[in-house]
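**Q** Turn these sequences into a full structure, and let the hints guide you.
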Amino acid sequence: MSASKTIIRFENLTKRYGKVVAVDGVDLSIEEGEFFALLGPSGCGKTTLLRMLAGFETPTEGRILIDGQDISRTPPNKRPVNMVFQSYAVFPHMTVADNVAYGLKVDGVPGAERSRRVEEALALVKLDGYGGRKPDQLSGGQRQRVALARALVKRPRVLLLDEPLSALDAKLREAMRSELTQLQEKVGITFLIVTHDQDEALAMASRCAVMNRGLLQQVATPSDLYEFPNSRFVADFIGSVNLFEGRLAVDEPDHAVVVCGDLPTRIFLDHGVTGARDGTVWVALRPEKIELHKRGDGRAPPVLEDTPEGHNLAPGIIRHIAYLGSESVYDVAIEGGRSVKALRSNLTRRDQEDFTWDEPVWLAWHACSSAVLLS
Amino acid sequence: MDESWRKAKAAFAALGVPPVFWLMAFFLIPLGVIWGYSFGENKSLTEIAVNGTFSNYAHAIKPLYLGIIFKSFVFAAITTALCLVVGFPVAIAITFASEKTKAWLLLLIMLPFWTNLLIRTYALMAVLRTEGYINFTLALLWHGVSHVTALAGHPLPPFHPLALLHNNFAVIFGLVYVQLPFMVLPLYAALDRLDRSLLEASLDLGAGHVTTFARVVVPLAMPGIVSGVLVTLIPSVGAYLTPDLLGGPSSQMIANVIERQFKTANDWPFGAALSFLLMYMTFLAIAVQAIVSRGRRAREG
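Each protein sequence line maps, in turn, to chains L and D. Under this note's numbering, the first residue of the first sequence carries the number 1, and numbering increases by one thereafter. Under this note's numbering, the first residue of the second sequence carries the number 1, and numbering increases by one thereafter.
Hints are supplied without guarantee of correctness; some may be wrong.
[What the hints assert, rightly or not] Listed next, with one range per pair, are the computed distances between beta-carbon atoms:
1. K19/L with L15/D: 48 to 58 Å
2. K100/D with S375/L: 38 to 48 Å
3. L15/D with S326/L: 54 to 64 Å
4. M222/D with D236/L: 47 to 57 Å
5. M222/D with E31/L: 39 to 49 Å
6. S339/L with R193/D: 42 to 52 Å
7. L118/D with D107/L: 50 to 60 Å
8. K186/L with G208/D: 27 to 37 Å
9. P110/L with P89/D: 29 to 39 Å
10. G141/L with E99/D: 26 to 36 Å
11. D351/L with E99/D: 48 to 58 Å
[To be verified] Derived pair list, reagent style BS3-like, types lysine-lysine, alpha-carbon separation capped at 25 Å:
12. K294/L with K341/L
13. K19/L with K102/D
14. K19/L with K100/D
Source of the hints: derived by calculation from the structure; they are not laboratory data. Every residue, glycine too, gets a C-beta built ideally from N, C-alpha and C.
**A** Rendered as structure tokens:
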């Protein structure tokens, strides 16, 4: 990441279809060598953004710069980017080798160099020896590798991937995730991937942009997106979250307290809330950051050493348990009726037996666990 | 689904027998009768003796008739080529039109089928004849230009109408007009199935529109091209009405010769032999095409 250089710049990029705004004034820079993910629910404009970069859609407003050059009106065949299509779009009437050679052939790369580069590209995606096959003799995963090789062989400045893993089965998808990351490190080309799958984006990308309704919501590293979301939309879209609506009772530089109407305890945070205003705030609390403690039989409540008494501690009753193998998710009804999700890793083979249905519990969390959201 | 069909034999027979009977009674049997006539000779004005003679075929392969058959194939080939050249852009336009426009364009393509061929051909005559719409328009333009040049002191010579009717041009023009929908529809069907992302992939990989057309669109539309060529070529070879009405003395095609054997010359055996000679040639051409394409597939496979 040292000496990073901007490779793609979107400047106030907007795309309208009649009255519908697909992409709304996006400003975004992508650095050379990044594995960048555009993440968002379907219809959020991420694919339109990618297609504008590839040249299949023309921006209504704004500019796209690659290496400082405005390519907004450059036809797709003259842009230094190549794309892996969601359907792979492997030419069915050509062999694997001809598919990979296609882009070189139209560029007039001489025969000897062409076949050498095709070999290299096929080896890169682990398809050596498959050159003579026809696409209908390949599995979906192999077809995708052909599409990858076909795009990479052109040595693009940026490789665009449109939902590349959505058509693969779950096991293969997971394997391809790490393979794509390794491939990207190996070739050193900037990857821009579009996905609606947050796990996929978090697992692969070095940086993500979350989009919603054509607007860029947040651009951050995967861990920052998860731990420091800037809005309820991002907090809710990335992973699972408990959201509490309330207002700031205390806001000092080194701590803050939020009072929530539907929570019988106050939420204590070990930091001040910057940019806070009077009015409603939301507290995001991830399920895995909530501890479960036994209540009942006159047991004393747990002591949280970083939190003053009467904060971050709520009594409740387990209403539902979802056993997921590696972890269990507990639906806890707290006093006042609302339900809170808590997640507990099953560290030993007996852990899931610790808590049962309808058991009274304490929910506890640390001062550094929750995030305050202003929108 | 297949299983239940095979089990329900009664239903299958009930549905299958009527069309089979229809085909036998009204297509295969008459065809067989004509085939028999091609090996017979006239005994009297109304009586034909089928005696196994090959004299009709011997007569049919004389240079005069072979020449007309050859010319029919040439006319049909030119017609097919023109239909392909004109029809491909039309099919592409329909494929890429919006859903609403697409329905209208397809309707326009099919509209001629709603009118009788004879009426359409007479309409075409009205367009092409010496005092027809084309010559009328040209004359208007000519006079207009002539007035302008007369001001400059150089009037144009008087307008001579173009001879557009009763010649080979008129026949081919008419054949293209009649056959074009049969070319456009299979082409459109093939292009409509084409995955758009393949075209985008080609552009993305650096190919221009011409290269994309030649290397991606045409190969993938090949099944549509082949069926379009067949359904245009075969009826064109046997075209009868178009050369009869639009053609001149030298643009008679084989179907006109056959017609004369049955209607004017009253030589049914010879007419039958000519008909079947044409059919054998067409079958041969299709068989050769099938063998060649199977061989190509085997080599590629």
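**Q** Run every hint past the structure and note whether it holds.
**A** Verification of the hints:
1. Between K19/L and L15/D the Cβ separation comes to about 52 Å, which falls inside the hinted range of 48 to 58 Å.
2. Between K100/D and S375/L, the C-beta spacing of about 41 Å keeps the proposed range 38 to 48 Å intact.
3. At about 59 Å, the CB distance of L15/D to S326/L agrees with the hint of 54 to 64 Å.
4. For M222/D and D236/L, the Cβ-Cβ distance of about 51 Å falls inside the hinted range of 47 to 57 Å, so the restraint holds.
5. Separated by about 45 Å at the C-beta atoms, M222/D and E31/L satisfy the suggested range of 39 to 49 Å.
6. The beta-carbon spacing between S339/L and R193/D, approximately 50 Å, falls within the hinted interval of 42 to 52 Å.
7. Between L118/D and D107/L the Cβ separation comes to about 56 Å, which falls inside the hinted range of 50 to 60 Å.
8. For K186/L and G208/D, the Cβ-Cβ distance of about 31 Å falls inside the hinted range of 27 to 37 Å, so the restraint holds.
9. Checked against the hint of 29 to 39 Å, the pair P110/L and P89/D passes, with Cβ atoms roughly 34 Å apart.
10. Separated by about 34 Å at the C-beta atoms, G141/L and E99/D satisfy the suggested range of 26 to 36 Å.
11. Distance hint for D351/L and E99/D: a CB-CB separation of about 57 Å, consistent with the stated range 48 to 58 Å.
12. In summary, the hint linking K294/L to K341/L is supported, as the alpha carbons are separated by about 16 Å, within the 25 Å threshold.
13. Between K19/L and K102/D the CA atoms are separated by roughly 24 Å; this keeps the pair inside 25 Å, and the hint holds.
14. About 20 Å separates the Cα atoms of K19/L and K100/D, which keeps this hinted pair within 25 Å; it holds.
The structure shown violates none of the earlier numbered hints.
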